[in-house]
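Student: Below, each chain spelled out in residue letters.
Protein chains: 2
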Amino acid sequence: MRDFTFSNITKIIFGRGVEEKVGSEAAKWGRKVLLHYGGGHIVRSGLKAKVEASLREAGLEIVELGGVQPNPRLSLVKEGIDLVRREKIDLILAVGGGSVIDSAKAIAIGVPYGGDVWDFYAGKAKAEESLPLGVILTIPAAGSESSPSSVITNEDGWLKRGYTANVMRPKFALLNPELTFSLPPYQTACGVADMMAHIMERYFTNQTDVGFSDHLCEAALRGIIQYAPLAVREPENYEARANIMWAGTIAHNDLLGMGREQDWASHDIEHELSALYDIAHGAGLAIVFPAWMKYVYKHNPNRFVQFAVRVFGVDQDFYNPERTILEGIRRLEEFFRSIGLPTRLQDAEIPADRLEEMAAKATKNDTHKLGGFLPLGQKDVLAIYELCR
Amino acid sequence: MRDFTFSNITKIIFGRGVEEKVGSEAAKWGRKVLLHYGGGHIVRSGLKAKVEASLREAGLEIVELGGVQPNPRLSLVKEGIDLVRREKIDLILAVGGGSVIDSAKAIAIGVPYGGDVWDFYAGKAKAEESLPLGVILTIPAAGSESSPSSVITNEDGWLKRGYTANVMRPKFALLNPELTFSLPPYQTACGVADMMAHIMERYFTNQTDVGFSDHLCEAALRGIIQYAPLAVREPENYEARANIMWAGTIAHNDLLGMGREQDWASHDIEHELSALYDIAHGAGLAIVFPAWMKYVYKHNPNRFVQFAVRVFGVDQDFYNPERTILEGIRRLEEFFRSIGLPTRLQDAEIPADRLEEMAAKATKNDTHKLGGFLPLGQKDVLAIYELCR
Chain X
3 MRDFTFSNIT KIIFGRGVEE KVGSEAAKWG RKVLLHYGGG HIVRSGLKAK VEASLREAGL
63 EIVELGGVQP NPRLSLVKEG IDLVRREKID LILAVGGGSV IDSAKAIAIG VPYGGDVWDF
123 YAGKAKAEES LPLGVILTIP AAGSESSPSS VITNEDGWLK RGYTANVMRP KFALLNPELT
183 FSLPPYQTAC GVADMMAHIM ERYFTNQTDV GFSDHLCEAA LRGIIQYAPL AVREPENYEA
243 RANIMWAGTI AHNDLLGMGR EQDWASHDIE HELSALYDIA HGAGLAIVFP AWMKYVYKHN
303 PNRFVQFAVR VFGVDQDFYN PERTILEGIR RLEEFFRSIG LPTRLQDAEI PADRLEEMAA
363 KATKNDTHKL GGFLPLGQKD VLAIYELCR
Chain L
3 MRDFTFSNIT KIIFGRGVEE KVGSEAAKWG RKVLLHYGGG HIVRSGLKAK VEASLREAGL
63 EIVELGGVQP NPRLSLVKEG IDLVRREKID LILAVGGGSV IDSAKAIAIG VPYGGDVWDF
123 YAGKAKAEES LPLGVILTIP AAGSESSPSS VITNEDGWLK RGYTANVMRP KFALLNPELT
183 FSLPPYQTAC GVADMMAHIM ERYFTNQTDV GFSDHLCEAA LRGIIQYAPL AVREPENYEA
243 RANIMWAGTI AHNDLLGMGR EQDWASHDIE HELSALYDIA HGAGLAIVFP AWMKYVYKHN
303 PNRFVQFAVR VFGVDQDFYN PERTILEGIR RLEEFFRSIG LPTRLQDAEI PADRLEEMAA
363 KATKNDTHKL GGFLPLGQKD VLAIYELCR
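For the record, the sequence lines run as chains X and L. Numbered according to the numbering used here, the first sequence spans residues 3 to 391. Numbered according to the numbering used here, the second sequence spans residues 3 to 391.
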């Protein structure tokens, strides 16, 4: 096991109606709040009005900034930073899914920083400070509600880059599974693929003797596989929604990754897809992850046998590990398809004519290797994109 | 799933040599520290000298209070409270296992409280404040290094009582698996039983639709079962010690219990044993837990079938659930015995002549029911003690 430091200060308040506690929680962190959100969904559902009422009742002043898009844009982040500085805002409240939270995180670290906020995402600076951030989660997927990570897209070159710093963890997150009842099946499934990928990026490791967290990762995957079909089929099933919502948080608060070398190549490979085609991140991962597995499994077959047996209950062929491994990958693809996700580019109507360009961009023209499990160069990444066809 | 709030602020620093970071971590919380510990073990091992050097190097002033016994005593807690007040100490550093940490927690909440610190344990007061507390863990077992709980024994009547409040969670905990190399096999095994019991107290629930955390609990148990025999057999096996140490923290930081009704009857039943006979808490649990299971399984047989199948891989008898259940309990006892633990009172040389007295005390003369799974009165508890024979 590797040495590690784990510190997750996010206070999770989980259950029916918890969004009504936002005023009292937010008031612990200041008097003036930036209400950051996406489109009209939270207006139509009445959530925005409810949140505003709770904030006002707690004596908070509200400034709002909506308009966060999926794959949140740098330009809006910069607009937010200016607004927060101008209005002398004390804390940021993100109401939405991963995109809104990631955008809010970027604003929160951008405000106290003297330079360009993109510096963090470009690997040129480290965030030492952050404005306090609270979350009301409406889409269980990205795990951003308690993670130290944020992914932002720079429209200048459509670069999608992630940044991780412990100061970005939200101070509190309110998780009401009922708020996810209105998520359509496809978006629910995309969230499921995203959280499964968060676990698998941590699971596929060269680190030996991490058996305790292996078991936890496998358990989290099995728990998601148990409830996801129900959440997709019965959108208003509270129990299915609750288990999936809690799973999304656990999948990415990095508890499951402690002591392990992690991979994250599939995320990088997918980022090029969703930056170019605006496909949902989870759908892109459902295409990329199985392809990545097919390309890399020979590097550490035992780990893929373990995945097949422990996560999908594949009957192990003790004489032919490859057969077990491929059956495990097949079951993963089958699971993704069963909840309505694409597993090939053409399923998502993505053409295969820019694979070379994406492989070059993901690896910065072969100068940058992807992944901790088996570092991948441009040729490898291209081969994985080819396996997505 | 039940509504819940989860907030665990403890910063875990895990790995080889992390105790040397104690000075820099402690200095974030004050200038004057109470070094709280047990007996001479940390002196002989050189740990105490190393800790003092690190604290002094960081400019901290040290006041020490040793002498914590297993089943930590209220009288020493009171002595600590007086000492901290008199010396105007800023933070408490517990160096040891669960007993030392629990004693430190009691001091930490006792100092800012106007009344008698036993009020918290007697259920007469709620702790709103705590002095900051840091931990260097030497015994993986109680999980107290990041839990919100403390158990103290009042010598006046030998009452052993627990108290839980989120303010008691340590600010930081330094976990170096090497510090556990010197733990004898029996003490290692007692720690294992304690952490398994912490998970099982959360696992046996009437709450339905907690499948996600069911999987996590089962995984944590399987991870412990995987590494415990190795840690017992090869005391200096870093990987076994590391997995067990991390498991002990996860088992009791309450992440695995979120959304679930919990039980805790076995802990209460065991507390009477170790209060009277000073048996190690873990050894007492290895005796009590299987007996409790035998007494209560009919209340919810499915859950015990699930335990047998998922935790111990029992081949399910689909026509005879009871056979599967009893085989699961038998495997748990067999596992405890395989790592050198007692599973009957006579194995621990405890006489059976005060069972009635213990049953009366545990239930406060049948006025107080034990456990959330199946509330138990005095007769039930006596029957469970009888099953321990």
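Because the hints were derived from the structure by calculation, they are not lab data. All values derive from a computational prediction rather than experimental measurement. Just to be clear, a hint being listed does not mean it is correct.
[As the list claims (entries may be wrong)] One-sided and incomplete, this derived list gives chain X residues near chain L with beta-carbon spacing under 7 Å: (1) Ile11; (2) Ala221; (3) Arg224; (4) Pro237; (5) Glu241.
Glycine is no exception: its CB is placed at the ideal position from the N, C-alpha and C atoms.
Student: Now look at each hint and say whether the structure bears it out.
Tutor: Checked hints:
no.	hint	verdict
1	Ile11	holds, 5 Å
2	Ala221	holds, 3 Å
3	Arg224	holds, 5 Å
4	Pro237	violated, 16 Å
5	Glu241	holds, 4 Å
Against the hints set out earlier in the document, a violation occurs for number 4 only.
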